[in-house]
Amino acid sequence: MQCSYPYHDYTPYDRRFRREGDKDIAHDEPSNDGLESLREIATYTVICRKCEQPNCITACPKEALEKDEEGILRRYNLRCIGCRSCVVACPFGTIYPEIVPYLASRCDHCLERLKPGEEPLCVRTSPEGVIEYKEVEEDQEKGIYKVGDHLVVKCDVWKR
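In this text, residue positions in the sequence shown follow our numbering: the first is 1, and each later residue adds one.
Because the hints were derived from the structure by calculation, they are not lab data. Where hints are given, some of them may not hold.
Under the rule of at most 20 Å between Cα atoms (straight-line distance), these lysine to any residue pairs were calculated in the SDA-like manner [to be verified]:
| id | residue 1 | residue 2 |
| --- | --- | --- |
| 1 | K154 | D139 |
| 2 | K67 | I81 |
| 3 | K67 | V87 |
Please construct the entire structure, taking both the sequences and the accompanying hints into account.
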């Protein structure tokens, strides 16, 4: 099994082998040896390269990224939907979801992703039908409460 973090097996020079004469001899130590690797990553990998035509900006479906006059990449947090298209599009691998946290976005009921008649992904994948997508009127006697313009919840009210 391999670690899912892309930078955990990265070092600018491979210290898993050492040279003795003209032979490479393997070490048994792991390639990610803590702070030294982290220092190398922070120095070489994490820094944005300020591309002339940034792929991350064109890949973002919500125009959450913008390059300012100085070439610095800016992100509009409220526009970001967390799709991570920018992470995939960056040719240098300098956008990490672990380093740049994505904000929780408002539910848009998957309107842009749904075909007519389909249900949102959260409804299709909820265990035991916990989330439903249907027209329901508020009925406090049955424990159905309106909590937003397009959202009602059903809960059992605790009584003494």
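Next pair to validate is K67 with V87; report whether the Cα-Cα distance is within 20 Å.
holds, 16 Å
Next pair to validate is K67 with I81; report whether the Cα-Cα distance is within 20 Å.
Cα-Cα ~19 Å, so holds.
With a cut-off of 20 Å on the C-alpha distance, tell me whether K154 and D139 pass.
Holds, at about 9 Å.
Violated hints for the displayed structure: none, as all numbered hints are satisfied.
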